[in-house]
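All chains, please: the whole structure from these sequences, using the hints.
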Amino acid sequence: MNLILRILLSALAVVVLAKILPGVGVDSYTTAIIVAMVLSLLNFIVKPILVILTLPVTILTLGLFLLIINAIIILLADSLVDGFQVTNIWWALLFSLLLSFLQSILYSFLNDDK
3 MNLILRILLS ALAVVVLAKI LPGVGVDSYT TAIIVAMVLS LLNFIVKPIL
53 VILTLPVTIL TLGLFLLIIN AIIILLADSL VDGFQVTNIW WALLFSLLLS
103 FLQSILYSFL NDDK
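Going by the working numbering, the letters in the sequence shown line up with residues 3 to 116, in that order.
Please keep in mind that the hints were generated in silico from the structure rather than gathered at the bench. Please note: incorrect hints may appear among the correct ones.
[Stated by the list, open to error] Computed cross-link-like contacts, EDC-like style, restricted to lysine to aspartate or glutamate with a CA-CA straight-line distance of at most 20 Å:
1. K21 to D80
2. K49 to D80
3. K21 to D84
[Claimed, not checked] Pair ranges (Cβ atoms, derived):
4. M39 to S110: 26 to 36 Å
5. F103 to V53: 14 to 24 Å
6. I107 to L5: 15 to 25 Å
7. I54 to G85: 13 to 23 Å
8. P58 to T32: 39 to 49 Å
9. S102 to L64: 11 to 21 Å
10. M39 to F111: 32 to 42 Å
Using N, Cα and C, we set each Cβ at its ideal position, and we do this for glycine too.
Below, the structure is given as structure tokens:
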């Protein structure tokens, strides 16, 4: 149940950011849910591989290269999901920063008392 709530909150964050940022577009709420699921899968499968492959660059940049990896994940989701558009890597970078900030705020409302 918690996973479904997190996906829906992520979809809400995607819709809000698509309304605010002119370089990002989402066609419908269903597309936003699909984007949230694809982003979670890409973060689970592809991101650890990219982090390991780019570990020397990440160390040299003191972790700042992880922001570029997040933007690449957003651009991958853009290419995989029809109805989700990100114009360039700079909008993807800004979208990923704002998405993680907004997700942290929204996830704080979930009750994790177990």
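So, going through the hints one by one against the coordinates:
1. K21 to D80: Distance ~16 Å between K21 and D80 Cα, so the pair holds.
2. K49 to D80: holds, 15 Å
3. K21 to D84: holds, 17 Å
4. M39 to S110: 26 to 36 Å: Hint violated: Cβ distance 21 Å, outside 26 to 36 Å.
5. F103 to V53: 14 to 24 Å: Hint holds: Cβ distance 20 Å, inside 14 to 24 Å.
6. I107 to L5: 15 to 25 Å: holds, 19 Å
7. I54 to G85: 13 to 23 Å: Since I54 and G85 have Cβ atoms about 31 Å apart, the given range 13 to 23 Å is violated.
8. P58 to T32: 39 to 49 Å: holds, 40 Å
9. S102 to L64: 11 to 21 Å: Between S102 and L64, where Cβ atoms are some 18 Å apart, the hint holds.
10. M39 to F111: 32 to 42 Å: violated, 20 Å
Hint violations for this structure: numbers 4, 7 and 10, all remaining hints satisfied.
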